[in-house]
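Visitor: Protein chains in written order, with this note's numbering: chain B, 1 to 591; chain E, 1 to 591; chain Z, 1 to 289; chain D, 1 to 289.
In short, the hints are calculated from the structure, not lab data. Don't be surprised by glycine CBs; every beta carbon is placed ideally from N, CA and C. Hints are supplied without guarantee of correctness; some may be wrong.
A few chain E residues that face chain Z, going by a derived Cβ cut-off under 10 Å, partial list only [stated by the list, open to error]:
| # | residue |
| --- | --- |
| 1 | Gly207 |
| 2 | Ala233 |
| 3 | Leu291 |
| 4 | Thr469 |
| 5 | Ser473 |
| 6 | Asp474 |
Label-pair restraints from in silico Cβ distances [unchecked claim]:
| # | chain 1 | residue 1 | chain 2 | residue 2 | range |
| --- | --- | --- | --- | --- | --- |
| 7 | Z | Glu148 | E | Ser411 | 43 to 51 Å |
| 8 | B | Asp474 | E | Gly109 | 18 to 26 Å |
| 9 | B | Glu590 | E | Gly560 | 19 to 27 Å |
Derived pair list, reagent style DSS-like, types lysine-lysine, alpha-carbon separation capped at 27 Å [stated by the list, open to error]:
| # | chain 1 | residue 1 | chain 2 | residue 2 |
| --- | --- | --- | --- | --- |
| 10 | Z | Lys212 | E | Lys48 |
| 11 | B | Lys564 | E | Lys564 |
| 12 | E | Lys132 | E | Lys87 |
| 13 | D | Lys212 | B | Lys48 |
| 14 | E | Lys193 | E | Lys48 |
| 15 | E | Lys193 | E | Lys87 |
| 16 | E | Lys414 | D | Lys7 |
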Amino acid sequence: MKGTNELSFVVGGFAGQGVNTVGYALARICSRAGLHVFINLEYPSNIKGEHNYAQVMVSEKPIGSHVNSVDLLLALDARSVVLHKDKIKPGGALIYDREGVEVSPVDAGLKVGDIERSDIIVIDMPMAQIAKDAGGSKKMVNSVGLGAVMGSLRFDFELLADMLRQSLEKLDDKVVAANLEGARQAYDIAREKYAEQVGIVLEKCDGPDRMLVTGNQAVALGAIKAGVRFYSAYPMSPSTGVMVYLTKQARDRGIVTIQPEDEISAAGMSIGASFAGVRAMTGTSGGGFCLMSEYFGLAGITEIPLVIFVAQRPGPATGLPTRTEQGDLKFVLSAHQGDFARIVVAPGDVSEAFYLTFDAFNLADKYQTPVILLSDKHLAEATWTQEPLETANMKIDRGDLLRTEELAGMSDYKRYQVTDSGISPRALPGAPGGVFKATGNEHTESGLVSEDADNRASQMDKRQRKTSTLDVSDIGARLHGNPEAKITLVGWGSTKPVILDVITQLKEAHKIDCSFLQVIYMEPFPVDHVSRVLNKAGRTLLIENNATGQLGQLIRQQTGILIKDQILKYNGRQFMRDELADLIGQRLREA
Amino acid sequence: MKGTNELSFVVGGFAGQGVNTVGYALARICSRAGLHVFINLEYPSNIKGEHNYAQVMVSEKPIGSHVNSVDLLLALDARSVVLHKDKIKPGGALIYDREGVEVSPVDAGLKVGDIERSDIIVIDMPMAQIAKDAGGSKKMVNSVGLGAVMGSLRFDFELLADMLRQSLEKLDDKVVAANLEGARQAYDIAREKYAEQVGIVLEKCDGPDRMLVTGNQAVALGAIKAGVRFYSAYPMSPSTGVMVYLTKQARDRGIVTIQPEDEISAAGMSIGASFAGVRAMTGTSGGGFCLMSEYFGLAGITEIPLVIFVAQRPGPATGLPTRTEQGDLKFVLSAHQGDFARIVVAPGDVSEAFYLTFDAFNLADKYQTPVILLSDKHLAEATWTQEPLETANMKIDRGDLLRTEELAGMSDYKRYQVTDSGISPRALPGAPGGVFKATGNEHTESGLVSEDADNRASQMDKRQRKTSTLDVSDIGARLHGNPEAKITLVGWGSTKPVILDVITQLKEAHKIDCSFLQVIYMEPFPVDHVSRVLNKAGRTLLIENNATGQLGQLIRQQTGILIKDQILKYNGRQFMRDELADLIGQRLREA
Amino acid sequence: MNNSDDKTRFNTVARPNWCPGCGNFGIQSAVKKALLELDLEPHQVVMTSGIGCSSKIPHWLNVYGLHALHGRSLPVAAGIKLANHELVVIAEGGDGDGFSEGLNHFVQACRRNIDLTYIVHNNGVFSLTTGQASATGEKGFVSSSTPEGAIETALNPVALAIAAGATFVARGFSGNIDQLNDLVVAAVRHRGFAFIDVMQICVTYNPARGYKWYKERVYDVQEGSHDPADRNKALISAVEFDEDRLATGIFYQGDQNPYEESLPQLGTDPLVNQDIEGIDVRSLMAELV
Amino acid sequence: MNNSDDKTRFNTVARPNWCPGCGNFGIQSAVKKALLELDLEPHQVVMTSGIGCSSKIPHWLNVYGLHALHGRSLPVAAGIKLANHELVVIAEGGDGDGFSEGLNHFVQACRRNIDLTYIVHNNGVFSLTTGQASATGEKGFVSSSTPEGAIETALNPVALAIAAGATFVARGFSGNIDQLNDLVVAAVRHRGFAFIDVMQICVTYNPARGYKWYKERVYDVQEGSHDPADRNKALISAVEFDEDRLATGIFYQGDQNPYEESLPQLGTDPLVNQDIEGIDVRSLMAELV
Ligand SMILES: Cc1ncc(C[n+]2csc(CCOP(=O)(O)OP(=O)(O)O)c2C)c(N)n1
Ligand SMILES: Cc1ncc(C[n+]2csc(CCOP(=O)(O)OP(=O)(O)O)c2C)c(N)n1
Ligand code: SF4
Ligand code: SF4
Ligand SMILES: [Mg+2]
Ligand SMILES: [Mg+2]
């Protein structure tokens, strides 16, 4: 036997075949069985026909990343066989339907036939035939395939049966029965004929109830917890998931979500809603953020709280709309003309996505300024198992918001009063006595347009001052692993899970001890924290999912410290654990 | 006598009174008389009523900046008396019309009456009455005022007479005569009654024919010289001057200028025109650039040459639309998602504005990428005298543009062929054999959408590589003054003229020897040049017209060198020579 | 304190810095009168605007104001209304603002039908940027951006609004304050998006179209047989734009539920009044297990 | 080499990756046929597009292409035409592209009247982003962004285009390739901006409006007494949009000089052919002395 409860599984097919559904079903089965799961999705910007695949990593221990090598491949179409078969580990297995395999219309003429790898177990499963015999449609092939997968891994069939019953709930009983029957047949064949050879076993084990959750879902949950009342967004991958989730919850949760004509309007509507007093948020990706960037600064100068969710994807322009990159850091840090206090936070995993989204609303209200929540396609759309998230200590802080009673007592209310902290008490439209103007021109303390030179300087100073009271020395960065380690990896955002996994792997497999400095607050920047760690560090290695090492540039700008050794990946894909471990090993040997 | 041919003159009034015209007329007279001139304009974002003023500096030596103190003030309205009289140097003079002074509607009720400064010469000139007597309208007061100014300075009346004849050319002979008559009367009074006391004399002197030119005009001239054929822009101060100038020349010079619905369209049209093969340019200020920023990256990934003129003004948002600031440097350096090769140049004076605009087109064509020409309100709209600009050696370089014949010989033309330099030969629509797609998605060498990981990396590398062959070590920065000076001032853009003037002043008046490191290429950045100078420098002082020292941040990011000592001005006004000299002196004493 | 008897309650200390003779003064008066007539208090009204001479108007009315970006008065107005639908929300701006930079928002606002009032100060020119032809500048209009005269067909905002599905479309004239006052009152009372295109005099950059020019041409559609409920006729009279006969008044008024009434979320209480303390998300998390 | 006899000259090696049954295939065929009928060579044609399923079309036609940004096919098309007015320039994209993100460009292109052809693949939905209601999605349309049905009034692009001053306005159906072919030919031949709104089937995200649904409803305006020169009637028939009777064909065609013909700069030779070596600016400098 090769192992228990450790699996790298890939299901491939063409867009429209339901690859995602299959991957997700297996993941849910594993998760409910107490195992840790990670799903990486790779799909093109195409609705039907082009290749896509889901990789499901299963482990008894927490797992946050995928590897290049595959234990078990389920190929739903011919292209998937061609593309993925060489990734199968020696001794690994391929499940495909030699005769009945589907061929995507875009691959017209593509043939697979026999597999020329003698070092793997080839499971020729007549999935189409089984589906047909069981009286099902083409779609049923997915259930049959899942049956074959479960059988090969000797996993409890009842787990699959439950899952199918639940997910097909709304369908006809007959259809459900057919699916169960087809799955069962494939299960039996796989289990009897191949499981022994495959040698990997999945078993139930104990554990808490874990969510299977994407970064986008975590962000949406964080926003709901924070009391978001208004979300305006124009669809743009990979941010759309947040909009879709919130829209689904909107009626029940008293939220208004709106998809206006463009991102400009999306940003403007949220600013208007926030000005009127509700917690408001907008979301987009880089291209949409270009369009929002003018309004972004309006929120800055008018001191209107605003949370902007930016899920990065590879640029420039339309780039690779459904792939991943960390290429927008510099952009969000400096978008818009002139200087103003902004806050930029970059969660590294689903838990941080949840808590930092919540925090973003508090920060926006407290500092009366826009806050950018920077994610990327990987964090947005990959799926992790996550322990229950504690919410007991989450406190809403709406900042210096004047109550109607407080306002009534004031004689000459000044919305932009120059204060020591730079923060001025805020009145909301509708309150008697608070009438003021929020103005995108430079303005007086009352909000009236002013071109006066001294007033300008004092309003600029006031606005800049606001975030200087935000102390990020503790929360702005985090050093993971052994603080005394001789090697320090430096990174941010969605590479966190893979870097943490690599640290474990390097230690266990190669006795290499690394720590990981994760930067979380990009603005204000934890200058002291980062400097202290880097100055003390032995060897440092910058790891980023972009072409120019944007965090590295920021660190140098903020601290003067240059991290020369850089591992940069910018082919639109997230790092894989084995790949990253190899790259690090190579660098360490080089020097 | 206090001096010859050295003057700080201010004319103030309210918007609509023609302050600009008066200042410009005096400047032109001086310039034609062989003197050097600099005009600083301060006006609000308002059409009529609010205060504005022009300051004209005159000297026998080259002059690029203004000072806080005033030798002679011509107040066309009451507000100007109030606002500017305390800037008059002891012994200086004020010309105003005690009885007939105009009061702006926005100042209703404002009175001036007697002037409580006994240390200045008060020239109560009944300008309104003179105008009336000479049979002129209210507008004629400007001519009368000019007469008074000329008389007080004992400047040759014929120079004014010529100027008036020329500028009023299109008007009725009677009107011209009236203006001359009014000017003459005021001239005579001033000359006879006050000139002696004023003690400043302006005289003709020898010199070449100098232009009186703004940065915007210089940019437009550079673009025309470069063969710009298409200019699309949406009006936005302070960039509009370029559009207006080019539009005036359009028919004669075979240029199409177009004002579309917004800045998005302005950028798009220029990209389209450039794709089709003409030299194209767009222009805006920060807020408009926000809107252009998405198209900006499209030009980057499709490798379409594009020159974008960005004239900065104080942000955020609408900010101070008609004032000056250098606050958009970081923004233009990092606008748009992802990484791509861009070029950013920042001229420091009108001569550089001319030559760098020309160069920008060559660079855009050669590197097939967008080039940003970064100016600001001060450089855009202030006026300098400028020696004739040599154009003999200016050569058009359209880069690797394929001729129809060359294309005909190719079998499988690839627009985005991966080459060593990263630059690929370019075909233009209309050419047989060149058919290709320019695509904002990541694409193959042929321009077709591609999501392939390796192709992505190689296209990214190719694009990044392009500008790495652009060697800016010589041209990217310039060290002015004594390279051995113990103090090095560091700056960029429109502060160049005032910094150069300050260097002269510090040397002459205080024997302080400073050099000035002017950074011109912001991207690619002259890393070696700047590092070399700064490492060798004694004391360094960063001088910027913004709130956070954006060049300082860039220098630190690029070289690791932090310039701690920073003189930052961000009240929407340019540095004045005396002010800056004082600030520098103060810093030097402090440490 | 009830101020509703104070007829100066919408006045501000600051004085408009428009050019003497500018039509914006007339529009400002009409709006102020309308707010009084509607018996509103300053704190109940929010005015948003873009950038331009006209867009400075919120500074000179004692109401809550959001003087936003060029072309961007409508998105913020929509957000304000949805967050607190008890407020009266009025967006204003120029023709450059609304029919060039911000035209998309305008067209979509027409079909979205959120209960806003949108008043465009239409002077055919970009004034604050010192005079360039706007989308409503007539063919041949000479300006700094069109020295040989504008080439494009002028936009007809009234026709466009009707075609885009607006439920209240009117045209006024800055020189007829009484009529404009009535239009503003009707627009604010209208349930849904109400658009008033105001022909505004710009004495500085469009002097050819001064008071006299307009006065000789304007007439009130209501005086004829015009039926504002007839959308087709309204559209035809809008497109048959004749420079010599400028119709004013309500072209079209339809009856359709405003956007926000389809949102039960807003039914009970404005969003802004809803409590956000201690929201429980555990059930949502449980769904993901 | 003259290819004009080669009927495959607009074909590409790459194959479209639209869903089987997608209406985009029909539009692609119609355009291809039209280019052949117009006797054009691949290098004489430039197609620009935005982003969406539909906007991928330039990749599958052998012409010069500029596959730009979402909503931004028209500005680049205008620039191309002005730089080289000898090219045939066609812009295409979806309804999200043209009637949401890019609507301002569309409306202004109508009144600007540069000689372009604009074909919108109107399927009522944002397909490439996996199905959200678009501006032309009908009221009540259920999608991921409108789970309880769209609230807004659907945009009527044909009416809007006429109201905006377009000189050629037509509607086609992706299932009627012959008619569409004729419309494209007429649009390209039209001197000025020509707009074709194509009702396009999206089998995946708008399956309720499949071939059958349309087939039962479409008819050809030309078959009746429709006079495309009558702008008012065209407008009325456009606004009287009835889901059960979908008119196709040329609604309106006017006769007006295209924008570029008012530019003497373009008179002699396209801009792109003009020499830019050794331009003398000394006279301009002298003016400043
Ligand atoms: C994004 C952006 N583009 C351009 C400008 C410059 N700008 C200010 S006002 C204006 C035009 C104003 O015209 P209109 O809206 O008609 O107002 P008016 O001054 O005529 O009342 C422009 C283009 C700006 N502020 N922001
Ligand atoms: C600025 C920007 N915003 C959003 C997107 C995401 N996006 C891509 S395609 C699309 C909608 C496509 O709808 P449509 O134009 O109708 O085309 P279809 O797919 O229906 O043919 C959107 C919103 C984008 N690429 N760029
Ligand atoms: S320029 Fe025109 S619109 Fe602006 S204030 Fe003056 S008259 Fe009014
Ligand atoms: S999703 Fe719709 S529009 Fe897109 S390719 Fe499929 S059928 Fe066509
Ligand atoms: Mg206007
Ligand atoms: Mg669509």
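Visitor: For each hint given before, does the structure comply? Return the numbers of the non-compliant ones in rising order.
Guide: 1, 4, 5, 6, 8, 12 and 14
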